[in-house]
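Engineer: Now for the letters of each chain:
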Amino acid sequence: GDSVTQMEGPVTLSEEAFLTINCTYTATGYPSLFWYVQYPGEGLQLLLKATKADDKGSNKGFEATYRKETTSFHLEKGSVQVSDSAVYFCALSDSQGGSEKLVFGKGTKLTVNP
Amino acid sequence: EPEVTQTPSHQVTQMGQEVILRCVPISNHLYFYWYRQILGQKVEFLVSFYNNEISEKSEIFDDQFSVERPDGSNFTLKIRSTKLEDSAMYFCASSDDRGSNQPQHFGDGTRLSIL
Chain A
1 GDSVTQMEGP
11 VTLSEEAFLT
21 INCTYTATGY
31 PSLFWYVQYP
41 GEGLQLLLKA
51 TKADDKGSNK
61 GFEATYRKET
71 TSFHLEKGSV
81 QVSDSAVYFC
91 ALSDSQGGSE
101 KLVFGKGTKL
111 TVNP
Chain B
1001 EPEVTQTPSH
1011 QVTQMGQEVI
1021 LRCVPISNHL
1031 YFYWYRQILG
1041 QKVEFLVSFY
1051 NNEISEKSEI
1061 FDDQFSVERP
1071 DGSNFTLKIR
1081 STKLEDSAMY
1091 FCASSDDRGS
1101 NQPQHFGDGT
1111 RLSIL
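Protein chains in written order, with our numbering: chain A, 1 to 114; chain B, 1001 to 1115.
Next up, chain B with everything else stripped away, as it sits in the complex (with noise of 0.2 Å):
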């Protein structure tokens, strides 16, 4: 069955580093979310994107995150300059049609740790 796959699976980073979280997803899906998990809170929406923008996003996503698809098959989130509140589990999901009864597929998600 087609997966999201999500790299790396954990990546440690020096607080003010830049840090790239990278995702692949569903090959014909069209869709694609990022989500995060800090420890023991629950799992927030960041963002939304299709054809090629931002379609929707959280307070949480300020001018300190930015996403990208930079090619058929990526899809990137970026953090600028981290600090330590931005450790948490991040997953990237993706769904073939958009529409609120159409499923997410999440990836295994990419543990940040920042130091």
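One chain only, chain A, in its complex shape (with noise of 0.2 Å):
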């Protein structure tokens, strides 16, 4: 069935520093990619999408681009902020076969330093 692996956590950077989140992915049909984020005792929050390959989803600084060729969504960030510290989730949707349902990523902890 469908899955998304992610870099292992937690991650700790400084301020300004780059960071990388891999997500990769397996799916039968041609799947919606999305990268959700969850603050701290806060609910999910879609923080960027993309529906087809070479689509770069981007969104308060962070971008992501969908790599067919790869199975891969990269969340890639030049310059983070104290304030993007939680769970960055990786998810697909897959229609074939009628489903709309998300399937995630195990989450990735992203913990950043002044």
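One should not assume that every hint holds.
To be verified - No more than 20 Å apart at the CA atoms, straight line, and that leaves these computed lysine to aspartate or glutamate pairs for EDC-like:
id	chain 1	residue 1	chain 2	residue 2
1	A	K56	A	E42
2	A	K109	A	E63
3	A	K106	A	E8
4	A	K106	B	E1044
5	B	K1083	B	E1018
6	B	K1042	B	D1062
7	B	K1078	B	D1096
8	A	K109	B	D1108
9	A	K106	B	E1018
10	A	K68	A	D84
11	A	K52	B	D1097
12	A	K56	A	E69
13	B	K1078	B	E1044
14	B	K1078	B	E1018
15	A	K106	A	E15
16	A	K109	A	E16
17	B	K1042	A	D2
18	B	K1042	B	D1097
19	A	K106	B	D1062
20	B	K1078	B	D1108
21	B	K1057	A	D2
22	B	K1042	A	E42
23	A	K109	B	E1044
24	A	K52	A	E63
25	B	K1057	B	D1097
26	A	K106	A	E76
27	A	K60	A	E15
28	A	K109	A	D84
29	A	K106	B	D1108
30	B	K1042	A	E8
31	A	K106	B	D1086
32	B	K1042	B	D1071
33	A	K68	A	D54
34	B	K1083	B	E1044
35	B	K1042	B	E1059
36	A	K60	A	D84
These are computed hints drawn from the structure, not numbers from a lab.
Nothing here was measured: the structure is a model prediction, and the numbers come from that model.
Put the complex together from the two separate chains, hints included.
Structural biologist: Okay, here's the thing in structure tokens:
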């Protein structure tokens, strides 16, 4: 079945450092890809999405590019802030067979120190 | 910005008891979902609901579980005869359209602790 694999955390960075969180996927169809973020004590919030190959999703300085050839959707940010400390989840939705469910990775906890 | 709200934020229940988790989806949304996250594990899909019926459910969603939209605003998840392994964070989500590219909007979750 469909699956998402994220790099294991936790990740600890200093403010203004470059961030990469790796995400690869396996899907039978042609999925849409998402990054969700969970700030402490809050629910999952959609950070960005991409629905087809070579699409780049971006939001709040974060970017991820849908790479079909490498089945990847890595999250990047050029300069992280303390306020970016959160858990980041990569997810896919594959409508093959009529399913809209999200399949999540395990999540990567990011801590940014001042 | 409209949001999905879930109550309670934390529920403690004795094993074997029934529990109802409540969700108020975003008002113009038509598609509703429940997910759960056992501590340290992945967020897992439980069930999707549209037009007053289940449209998809996972293997986890067995006869112990049921969902209902009792009125125009609430969406509930009932767990009958809870087990220790039901302890998890339960998330409700909603979306305004179907299709794999439609974002789902999540609530803050209910932490369910079974004693």
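Engineer: All hints are to be evaluated individually against the structure, with a verdict given for each.
Structural biologist: Hint check results:
1. K56/A with E42/A: violated (26 Å)
2. K109/A with E63/A: holds (17 Å)
3. K106/A with E8/A: holds (8 Å)
4. K106/A with E1044/B: Since the Cα atoms of K106/A and E1044/B sit roughly 10 Å apart, the hinted pair holds (cutoff 20 Å).
5. K1083/B with E1018/B: holds (10 Å)
6. K1042/B with D1062/B: holds (19 Å)
7. K1078/B with D1096/B: violated (24 Å)
8. K109/A with D1108/B: holds (17 Å)
9. K106/A with E1018/B: violated (29 Å)
10. K68/A with D84/A: Measuring from Cα to Cα gives roughly 28 Å; hence the hint is violated.
11. K52/A with D1097/B: OK: K52/A and D1097/B at ~18 Å, within 20 Å.
12. K56/A with E69/A: holds (15 Å)
13. K1078/B with E1044/B: holds (17 Å)
14. K1078/B with E1018/B: holds (7 Å)
15. K106/A with E15/A: violated (24 Å)
16. K109/A with E16/A: holds (17 Å)
17. K1042/B with D2/A: holds (14 Å)
18. K1042/B with D1097/B: Cα-Cα ~25 Å, so violated.
19. K106/A with D1062/B: Measuring from Cα to Cα gives roughly 23 Å; hence the hint is violated.
20. K1078/B with D1108/B: holds (18 Å)
21. K1057/B with D2/A: holds (15 Å)
22. K1042/B with E42/A: holds (17 Å)
23. K109/A with E1044/B: holds (18 Å)
24. K52/A with E63/A: With a Cα-Cα distance of about 15 Å, the restraint between K52/A and E63/A holds, given a limit of 20 Å.
25. K1057/B with D1097/B: At roughly 18 Å apart (the allowed maximum being 20 Å), D1097/B and K1057/B satisfy the hint.
26. K106/A with E76/A: Within the cut-off at roughly 18 Å; holds.
27. K60/A with E15/A: Within the cut-off at roughly 15 Å; holds.
28. K109/A with D84/A: At roughly 10 Å apart (the allowed maximum being 20 Å), D84/A and K109/A satisfy the hint.
29. K106/A with D1108/B: holds (18 Å)
30. K1042/B with E8/A: holds (12 Å)
31. K106/A with D1086/B: The given pair, whose Cα atoms are some 18 Å apart, holds under the 20 Å limit.
32. K1042/B with D1071/B: Not OK: K1042/B and D1071/B at ~31 Å, beyond 20 Å, violated.
33. K68/A with D54/A: holds (8 Å)
34. K1083/B with E1044/B: Between K1083/B and E1044/B the Cα gap is close to 17 Å, so the pair holds against 20 Å.
35. K1042/B with E1059/B: holds (15 Å)
36. K60/A with D84/A: Roughly 10 Å separates the two Cα atoms, so the pair holds.
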